[in-house]
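Trainee: Working from the sequences, and respecting the hints, build out all of it.
Keeping their order, the protein sequence lines are chains W and Y.
If you count the first sequence from 1, you need to add 642 to reach our numbering.
If you count the second sequence from 1, you need to add 642 to reach our numbering.
Mixed in with the good hints, there may be bad ones.
One copy or two, it doesn't matter: identical chains are merged, so the pair holds either way.
[To be verified] Straight-line Cα separation of at most 25 Å, DMTMM-like style, residue types lysine to aspartate or glutamate; simulated pairs:
(1) K723 / D818
(2) K733 / E951
(3) K718 / D959
(4) K723 / E975
(5) K733 / E771
(6) K811 / D1074
(7) K718 / D672
In case anyone wonders, no lab produced these hints; they're calculated from the structure.
The structure displayed is predicted, hence computed values, not measured ones.
Number of protein chains: 2
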Amino acid sequence: MTTVPEPSAELLQRAAAVRLAAVDLGQTDDGQRAAALQAMADALDERAAAIVAANREDLERSAAEGLAPALMARLKLDATKLAGAIEGVRKVAALEDPLGRRQLHRELDQGLVLERITVPLGVVGVIFEARPDAVMQIASLAIRSGNGAILKGGSEARCTNEAVMEALKHGLSSSDVSADALTLLTTRQESLALLRLDGLVDLIIPRGSNELVRFIQDNTRIPVLGHADGICHLYVDAAADVAQALRVAIDSKTQYPAACNAIETLLVHEAIAPAFLAEAVPAFRDAGVTLRGDAASQALGVGAAASEEDWRTEYLDLVLAVRVVPDMDSAMEHIRRFGSRHTEAIVTGDAAVADRFLAAVDSSGVYHNCSTRFADGFRYGFGAEVGISTQTLPPRGPVGLEGLVTYRYRLRGDGHIAADFSSGARQFSHSDLPL
Amino acid sequence: MTTVPEPSAELLQRAAAVRLAAVDLGQTDDGQRAAALQAMADALDERAAAIVAANREDLERSAAEGLAPALMARLKLDATKLAGAIEGVRKVAALEDPLGRRQLHRELDQGLVLERITVPLGVVGVIFEARPDAVMQIASLAIRSGNGAILKGGSEARCTNEAVMEALKHGLSSSDVSADALTLLTTRQESLALLRLDGLVDLIIPRGSNELVRFIQDNTRIPVLGHADGICHLYVDAAADVAQALRVAIDSKTQYPAACNAIETLLVHEAIAPAFLAEAVPAFRDAGVTLRGDAASQALGVGAAASEEDWRTEYLDLVLAVRVVPDMDSAMEHIRRFGSRHTEAIVTGDAAVADRFLAAVDSSGVYHNCSTRFADGFRYGFGAEVGISTQTLPPRGPVGLEGLVTYRYRLRGDGHIAADFSSGARQFSHSDLPL
Chain W
643 MTTVPEPSAE LLQRAAAVRL AAVDLGQTDD GQRAAALQAM ADALDERAAA IVAANREDLE
703 RSAAEGLAPA LMARLKLDAT KLAGAIEGVR KVAALEDPLG RRQLHRELDQ GLVLERITVP
763 LGVVGVIFEA RPDAVMQIAS LAIRSGNGAI LKGGSEARCT NEAVMEALKH GLSSSDVSAD
823 ALTLLTTRQE SLALLRLDGL VDLIIPRGSN ELVRFIQDNT RIPVLGHADG ICHLYVDAAA
883 DVAQALRVAI DSKTQYPAAC NAIETLLVHE AIAPAFLAEA VPAFRDAGVT LRGDAASQAL
943 GVGAAASEED WRTEYLDLVL AVRVVPDMDS AMEHIRRFGS RHTEAIVTGD AAVADRFLAA
1003 VDSSGVYHNC STRFADGFRY GFGAEVGIST QTLPPRGPVG LEGLVTYRYR LRGDGHIAAD
1063 FSSGARQFSH SDLPL
Chain Y
643 MTTVPEPSAE LLQRAAAVRL AAVDLGQTDD GQRAAALQAM ADALDERAAA IVAANREDLE
703 RSAAEGLAPA LMARLKLDAT KLAGAIEGVR KVAALEDPLG RRQLHRELDQ GLVLERITVP
763 LGVVGVIFEA RPDAVMQIAS LAIRSGNGAI LKGGSEARCT NEAVMEALKH GLSSSDVSAD
823 ALTLLTTRQE SLALLRLDGL VDLIIPRGSN ELVRFIQDNT RIPVLGHADG ICHLYVDAAA
883 DVAQALRVAI DSKTQYPAAC NAIETLLVHE AIAPAFLAEA VPAFRDAGVT LRGDAASQAL
943 GVGAAASEED WRTEYLDLVL AVRVVPDMDS AMEHIRRFGS RHTEAIVTGD AAVADRFLAA
1003 VDSSGVYHNC STRFADGFRY GFGAEVGIST QTLPPRGPVG LEGLVTYRYR LRGDGHIAAD
1063 FSSGARQFSH SDLPL
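Mentor: This is the structure:
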């Protein structure tokens, strides 16, 4: 087991500088933060050639080290991809300000008024893997929401990440936001020690494997916004339209199989299983998907057998487990037992059945007659996302800027004291005022 | 270090039963849950004599074991206190339903509509100390918000807790909510093993010492709603009205010194320190409060010296640390360094100064010209509270029913698939609909 080291004096100092910068950042207004993001985007534009060159260096070194082709593709940041990422920063600048929203406004007594206002979290720590565009995306979301950020990227992308971070800080230095609000960690020791920075870091966002997320959860007192497995299910009900069910199933599995919102298990009502599988088995074969089924679905054409382990597996690949169920309750029981509370869908023409599924299945996304692939911040209209959370507590599901803010209660009085209310000399009015 | 044992088969079975009951509970409507709480209250009324008798047994045993008088007072549940607690259950029944609220309603495309709806967390695990009225309060908050609850009380109160739980379950059995939704753990082994019930328990709420909260945070993957220290500050600004500042200071310290929202440190602007301390030193002495000050405040009459350790101490007693500061920035720096982000107040007649304090101090409560003792769910008008959270992420500050719910995204389509949007065949409309 990896042990988590104590933070070095140098790391503590850098984290304290981020925290201090974040205090000022938290008091900037919407325009100042939006302008800071534009300045970040401008600086990236100016330094685009240097960033692409740095990325080539990372690519050459990684190729020599034998990095897998899929990871090489993720690592690559050419001029076109960089331009897209810079456009993303400008889009985050244009998003609605998540700060300063009044969520509660209440008179407690004459002259004693309570408000609840959204405020930044403070400092977020983000640990991510190969993709260097993540630095731009996360830094822009953090600054837009008034938060400092400590970032740690994969070592394959170190030259790119450093070039990007330099540009971002250069951009900030020409804005009202201190360049100290962002910092990049470069060593593994530092990223481990980040887990010990409670008091300086308010939220850790791991973007990587399940193992990474679990390791972090087990080794820090800082709250972690993470997703564990995405074991998503599609249930084809007896009252489904076969053509619609097939279309949704194919999209949910194949549109991007490596995504956490792709389905891993198909549950089919026994009444529709013969008709549905007669079409689905060849269709999945044509789409390059290997099916693994229970005995009933094998009897209907599914070629390979699924073991209990299959119900628990996030394939992230063109493999799909299939099970025939006697009724919707069995489907829901299967989901309860093996699901990861990410996203589950039902295809049915019966509205009452759909309502029951949507009310009873406790996943962050419950869908009727559409693909699970819609579970995504951009598709939900959040503009950008820091990730998808499979935790039960909010923020849950796709997390946009809203997940990077908290709130604060402000109470203004005129010398009000609690003793007067305890003695009965005064009574609370608790009357809500306009927001 | 205490080790956390694996859950026994029996505990796993009981927890699974709570979870299953919670699934049904989550689908009850407002009226059914309110009626279940009334049935719980009725059953407590019927069994009041038996509960009080059970409490006498606990009191006698604890007296023989030499329990401290303060804890004896907390343990005591006579007919009057019980009647008050039952009244509390009925009040929770009358609170507005926190479930089924639509927080977001958006058309993503024609016929593809997204909603975000509040839903229960699932199952909460609550570990609390001596007060047996906590069982009634927590059980009613949990059921009202559609959650199952696993409770573990202090061993001093075991007879009372069991008698109360029996009544609550008896009440539920005559309602639409299964009695399995509540369970009481009785051994320390079980309460430790509760920390390992990830997947069955969604939130742990410890109500006890800081040590208990920290131990739990360090030994579970389940989210913990806890408060660490309540080191609250009152800053008396140069522009304060001395009489008002004194009134607020005395109330903030003495109205209930054992509460987490009582102040532990008084920060006084040097310009007002002579005038303020000339009145405050004798006033605190008369109120039985021992002051410990820095050199400047000692020169102005504070009797004892404060060490660095005092700034970090939650006295929970009639002791107050005092420090003279050259300006508000120094006061805010002190709060940043030593505070626990619970509640801080400023007394000043200068509205701009107050605004700056309320914007810059990052505690869950920031107050102007009123006592820190208002940091409380009842006083905020929440009707009841599960506790006060000093974490940064929501729920923060006093936590009412709202802290026991999460949300779920529901998406309804008509065969919509993601591929159509990737290919450009369809575009997202993202138009918000009425809530």
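Trainee: Within, between, both or neither: how does the pair K718, D959 come out at a Cα-Cα threshold of 25 Å?
Mentor: Within one copy, since 22 Å is at most 25 Å while 61 Å is not.
Trainee: Quick one: K733 to E771, C-alpha cut-off 25 Å, is that within a copy, between copies, both, or neither?
Mentor: This pair counts as within: shortest intra-copy Cα distance 23 Å, inter-copy 50 Å.
Trainee: Is it within, between, both or neither when you check K718 against D672 at 25 Å Cα-Cα?
Mentor: neither (33 Å within a copy, 54 Å between copies)
Trainee: Between copies, within a copy, both or neither: which fits K733 and E951 at Cα up to 25 Å?
Mentor: Classified as neither: same-chain Cα gap 42 Å, cross-chain 48 Å, threshold 25 Å.
Trainee: Since the copies are identical, ignore which copy is meant and state whether K723 and E975 lie within 25 Å (CA to CA) inside a copy, between copies, both or neither.
Mentor: neither (43 Å within a copy, 43 Å between copies)
Trainee: Checking K723 and D818: alpha-carbon separation at most 25 Å within a copy, between copies, both or neither?
Mentor: neither (28 Å within a copy, 57 Å between copies)
Trainee: If the cutoff is 25 Å on CA atoms, where do K811 and D1074 land: within, between, both or neither? Let me know, please.
Mentor: Classified as neither: same-chain Cα gap 44 Å, cross-chain 36 Å, threshold 25 Å.
In summary, the numbered hints that this structure violates are 1, 2, 4, 6, 7.
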